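Going left to right, the sequence shown walks through residues 1 to 123 as full-length UniProt numbering numbers them.
I should point out that these hints are in silico values taken from the structure, not numbers from a laboratory. A few of these clues could be false.
Taking lysine to any residue and the SDA-like style, the derived pairs with C-alpha atoms no more than 20 Å apart in a straight line are [to be verified]:
| no. | residue 1 | residue 2 |
| --- | --- | --- |
| 1 | K70 | M39 |
| 2 | K102 | R13 |
| 3 | K26 | R80 |
| 4 | K102 | N27 |
| 5 | K70 | E38 |
| 6 | K102 | G82 |
| 7 | K102 | D66 |
| 8 | K93 | R21 |
| 9 | K70 | V91 |
| 10 | K102 | A118 |
| 11 | K93 | L11 |
| 12 | K102 | Q9 |
| 13 | K102 | V8 |
| 14 | K102 | I121 |
| 15 | K102 | R7 |
| 16 | K102 | V2 |
| 17 | K93 | K111 |
| 18 | K102 | I122 |
| 19 | K70 | W40 |
| 20 | K70 | L10 |
| 21 | K26 | K93 |
| 22 | K102 | R84 |
| 23 | K102 | T72 |
| 24 | K26 | G82 |
| 25 | K70 | I97 |
| 26 | K70 | R41 |
| 27 | K102 | L10 |
| 28 | K111 | E24 |
| 29 | K93 | T109 |
| 30 | K93 | I121 |
| 31 | K70 | T119 |
| 32 | K93 | L10 |
| 33 | K70 | R13 |
| 34 | K93 | D17 |
| 35 | K26 | K70 |
| 36 | K70 | S33 |
| 37 | K93 | Q16 |
Since the model is a prediction, treat every value here as computed from it, not as a measurement.
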Amino acid sequence: LVSAMNRVQLLGRVGQDPIMRQVEGKNPVTIFSLATNEMWRTGDSEVGQGGEIWHPSLLLLCNLGDVSQKTTWHRISVFRPGLRDVTYQYVRKGSRIFVEGKIDYGEYTDKNNVRRQATTIIA
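Using the sequences and the hints, build the whole thing.
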């Protein structure tokens with residue numbers, strides 16, 4: 001019996017070439033950003049009322065009225081040795097990829113000694 005689940009699936013485009021980082025005494029990690037897009041029709045059927053989300057190819061074929069789009073950027077971290085290395089070697093800016101992982105919420109202190117929050121997808 002599953003009492004809780006932390007799982008996310010994303011399909012999007014890579015924002016920059018992955019980088020590999022290693023903190024002293026820890027395993028390396030490959031990090032990159034991923035952009036996901038949502039598109040919906042505004043007006044008669046707002047998202048939340050009708051909940052309609054439109055695929056971009058359909059927008060070219062139909063006269064839907066006003067179309068809104070939202071891009072969300074996600075920070076992806078890959079720790080597993082095989083996947084981490086393949087990601088670093090083959091994934092490039094603009095690649096369309098599917099990512100599955102879990103959401104991690106963390107805090108850190110920036111170089112100006114300000115506490116910040118960060119959301120990361122651990123793939």
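Non-conforming hints, listed in increasing numerical order: 7, 9, 17, 21, 29 and 35
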